[in-house]
Structures are given as structure tokens and as C-alpha cells.
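Chemist: Sequence:
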Amino acid sequence: MSPLPAALRPIVICGPSGTGKSTLLQLLFKDYPDKFGFSISHTTRSPRPGETNGQSYHFTTREKFLKLVQEGAFIEHAEFSGNLYGTTVGAVEAVAKQANKTCILDIDTQGVKLIKANHPSLHPIYIFISPPSLPSLHARLTQRGTESDSSLSSRLSAAVREINYAQTVGAFDVVIVNDDLRTAYEKLKKVVVEGDLKAGDSLPDFSREE
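Sequence positions in the sequence shown follow UniProt numbering and run 1 to 210.
Simulated from the structure, these hints should not be mistaken for laboratory data. Worth double-checking, as some hints may not be accurate.
Claimed, not checked - Think about it this way: if two alpha-carbon atoms lie no more than 25 Å apart in a straight line, the pair counts; the simulated BS3-like pairs of lysine-lysine are:
(1) K64 <-> K198
(2) K30 <-> K116
(3) K113 <-> K101
(4) K21 <-> K190
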């Protein structure tokens, strides 16, 4: 794989559910539609009305998907509700080389580990979106009104695992604490638009909450 131009290094956004990642990315894509783009994922599920192959997803069969897995084509992949989903190296490269945009990947810490282990030549900028505290994250997830007790517990357990990984030295290039959406977004813009990797925050001391 040929290296991407430095200005088009992929950006990996990671963080627990409820930290406002989706909202931050929506703001970014709204303000900079010609600068940033998502890669087109592969999936084995059937197209929904209005979806176009090669635009919404790369729709494929389970057999072909698993063959790509064996070939090491995927940066990350997972199965949801019986359907396989994954992002290939080629899909990330296409955003940069065909659309001339910076590719943004919204993935979990497992995906981060896979990129670091298997695709270091992608050389992305790793950004962790952190809650200010675990109680605040619990409150945000509860306020959604969409979580059952079991799913809430599952999401909080996953959040602890992701935060534990984020505390590893060198795991992320930048940490942004989303305590206030507008402030967090301004910091995110400084990092991804201006290239200021020192614009982030220190990771909160979650050990005091245990």
C-alpha cells in the first residue's frame, strides 16, 4: 500500500457510547463537506430502499466477505444481527485518492488495536472522545431514554474498557473531553482542520471514581 499524503492522514475517532462522537462528527461534516469523508463499508445485508451499491455500502455475499477477511483486506469488521460489516484498507484509501478528502473512521478500541497491529502504514491520527466522568456518562445514557437496564450496564462496562485502554501510554494522539459540546467541537476543529495535536485535553482521573 502506497503511503497517503501527510495532509490526508486518516483520522480515527474513538470513545464510549454517549460521549457525543456522532454529534461532533455531524457538525464537522456540515461545516467541512469538501474536506472530510467517511469510507464506504462492506456489508452482507440486503440493500434497503434508496440505498445504492458502491455509495451507501459495498453490498456483497457472506462468502466473498469472509474471503476478504482471510486475505486481510479489512481494517476492522464485526457482525451485527446476523450481518457482517467491515471497512477495507482500499475504502479508506479511496476517500483520499479519489475524493481528495481526509477519511474519518468512527471505531471502537478493538478497531484501534487492529489498525495499530495490522495496518500501521495507514498512520492515522488517533483521537479519543472522553466523558468528563463516569457518573456524567451514566446520566447522559440514562437521559436518552432508549436504554434498558441491561444495555445500560453493557454500555458502561464497555466504556470502562475503552477508558482503560485510553489510559495506556501512546494509545491516542489526542484526547478531547466533551464536557461542553461547543468547546469540544472547537478543540476537534483545531486538531483535524488546523493540525494542532496539542489542542486536546488530559484524560480525566477516572481512578478516583472507582
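Chemist: With reference to the structure, classify each hint as holding or not holding.
Modeler: Here's how the hints hold up against the structure:
1. For the suggested pair K64 and K198, the alpha carbons sit about 42 Å apart, so the restraint of at most 25 Å is broken.
2. Restraint check for K30 and K116: the C-alpha separation of about 29 Å exceeds 25 Å, so the hint is violated.
3. Restraint check for K113 and K101: satisfied, since their Cα atoms lie roughly 24 Å apart, inside the 25 Å limit.
4. Between K21 and K190 the CA atoms are separated by roughly 16 Å; this keeps the pair inside 25 Å, and the hint holds.
The structure shown violates the earlier hints numbered 1 and 2.
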